[in-house]
Amino acid sequence: MSLLTVEHLTMRFGGLVAVDDVGFAAEEGRITALIGPNGAGKTTVFNCLTGFYKPDTGRLALRADGREHLLERLDDFRVASEAKVARTFQNIRIFPQMSVLENLMVAQHNRLMRASGYTLLGLVGAGRFRVAERAAVDRATYWLDRVGLTDRADVDAGTLPYGGQRRLEIARAMCTEPVLLCLDEPAAGLNPRESAELNALLTFIKAVHRIGILLIEHDMSVVMGISDHIVVLDHGAKISEGPPDFVRNDPAVIRAYLGEEEAEDG
Amino acid sequence: MTAGTLAERGAAFLPTALKEAGIAAGIALLLALPLVGARTVSEGSAFVVTPRIVELALGVAFVFAGRLAIASLRGGHHLPVIVGALAVAALGWRFALPSAFLGVVAIAGGLAVACIGAIGLLRARRDEIPAVARIDTAGLLRQALGWLGPALIALAIVLPFLPFADRRLMDIAILVLTYVMLGWGLNIVVGLAGLLDLGYVAFYAVGAYSYALIAREFGLDFWSCLPLAGVFAAFFGIILGFPVLRLRGDYLAIVTLGFGEMIRIILLNWYNFTGGPDGISGVPRPTFFGLPFKRAPPEGVESFHQFLGIDYASIHRTYFLYFLVLALALITNAFTLRIRRLPIGRAWEALREDEIACRSLGINPTNTKLTAFAIGAMFGGFAGSFFATRQGFISPESFTFIESAIILAIVVLGGMGSQIGVVLAALVLIGLPEFFRELHEYRMLAFGACMVLITVWRPRGLLASRDPMIRLSRRRARP
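Residue numbers (the numbering used here), protein chains in the order written: chain A, 5 to 270; chain B, 70 to 548.
Pulled out of the complex, with its shape left as it was, chain A reads as follows (with noise of 0.2 Å):
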């Protein structure tokens, strides 16, 4: 059985249908992308899987610890602390005026919570909670290593270049230990040098960590590059699936990105 499972996923908002019955599926240890022209319903998707709207109808089954998860019924917050679903954002959501290590403190919340016993054991100092604290600043330190943030661990966030900030917005989500981790969009606005870094970064956690990751992406040197499986939308619906060498060949692809040559010629 997949990580995940995604079956006839719609979600409408008023009239218009944005997302139309899709349905693929995410492996563990792979990089899938989820590719397509601006408003095919990428981000959607993705609100969808990580609790943020409440598909209409579909299911969403994702396997963590040897249980399923039905991400269609879980709030937003359980869909990150139950069903161990990291995500970030298309547009930067770090927290700008907290400092690169206590937002990847901010990140190992529930654990840091059941250590310091709901703040009772932490008050007092219990060594408990120093143990995990300790534990947490060195998950931190070992992300910070892995994006190349070290030596900024103890600057406010929002002062870090862009392309920091969308490093540090992975590696925030990687501390809360997922198995499946949702990246909108990471190569959005870095140089060629930076996206290759991030190739690189995506490469390593698959490889190493043995998560599954799910990408929506414009940067087709990132997309064809590290991906294993593709699955391309156009308005809502589903056109095409498979691994990058077929999608790129695809007539219907090429006919959703470069448009029809019929409707030219007519």
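Check each hint, because a few of them may be wrong.
[Said to hold, decoys possible] Once the Cα atoms are required to be at most 20 Å apart in a straight line, the calculated SDA-like pairs of lysine to any residue come out as:
(1) A:K58 x B:R315
(2) A:K58 x B:N433
(3) A:K58 x B:T435
Just so you know, these hints were derived from the structure itself, not from any lab.
Fit chain B to the given chain A structure using the hints.
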């Protein structure tokens, strides 16, 4: 900058400066003519309008001089402006001007302009000094701030033993500390969790009435009622918070404002229970852990002065109340500083920064906000029961919206989330108006002026800088 350009600038600036000052004075004249220029006096049955030429002329002259001074400072003429401003201040001090207000304007305005001039002069000089010799003012300020907290606490502890600590000073100190405590309590809600609460006084009222009512109905003393008052206030915080915390920003502010008024109106109208507008009198005074502060205690009870074997003095109770509220305030502060290092405190701050990001990280926003609301309310309740025991009498009069507004002003002007900022703002907003009661109605004007000045110069509050509570490196990293 060479001497030549300075002279050129000096020559060019005078006409524009005079023009600017003239315009400002003209506007002042237009505004002041109806407001200041005429005074209605009732002579017997008739109303007579008497002109106030001197006041009007002096006021307009002050505006002219002030504007000219500011323009001259911009032109680089620091020294003459400083001398002139000091002269005006001395004038206001030495001679009795037609009204006390003009005197205040002359002194305060003169000193302010002189200060600005002096700062400008130092800045101009500093630019001529090579960078290596320059003093790192920001770093010094930061260091000074680090010492300010302990210094203030030390001062607060020795204050009652100082020779000038009379009854009046102690009363003002108790009042200021009460507001510091309320400010620190509200700081948890507004400064850390970013929930704009305009009805904080409701929890203050709940704490005060809890203590008064429990003491009256069950005869419990202050020390048993204090935790109960906190629990009740926190309970009310949860009751209010549960339905409304899904609202954000302005909407939350309006609902909390309404809640604050509701509590007051309930207290006013539930006559059988709360005594309505008559309030509750005879609230038990605090005891020194069971020893009352009374000249002649009831039979079989030892009083504080008997226990210590000293003479009775009514100020003992004032000192005790002072140390009580100081301890309560410091507990609030210690709690806040501690909880900011815990995950819940970090989650509050994260929630203030970006709620959606918090949700995506698995933080339950409702529970997190509720704890902030309940803990803030709890400290409000503690402060309320202190208020009740200090006054000995409470009525809904004491819990009006203006109290909420003042507490919020203390938090916002102090710098959201800054603990020392709250102390400074409470000193400015509560202490100064109490000290300058002689100025009568002008003290509220000065209160307003303070608020305007702080918002203009420090829009993010007196002390708005925030240091991370957890660091990777031991050394203080500077960006």
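Results for each hint:
| no. | hint | in the structure |
| --- | --- | --- |
| 1 | A:K58 x B:R315 | 18 Å, holds |
| 2 | A:K58 x B:N433 | 18 Å, holds |
| 3 | A:K58 x B:T435 | 19 Å, holds |
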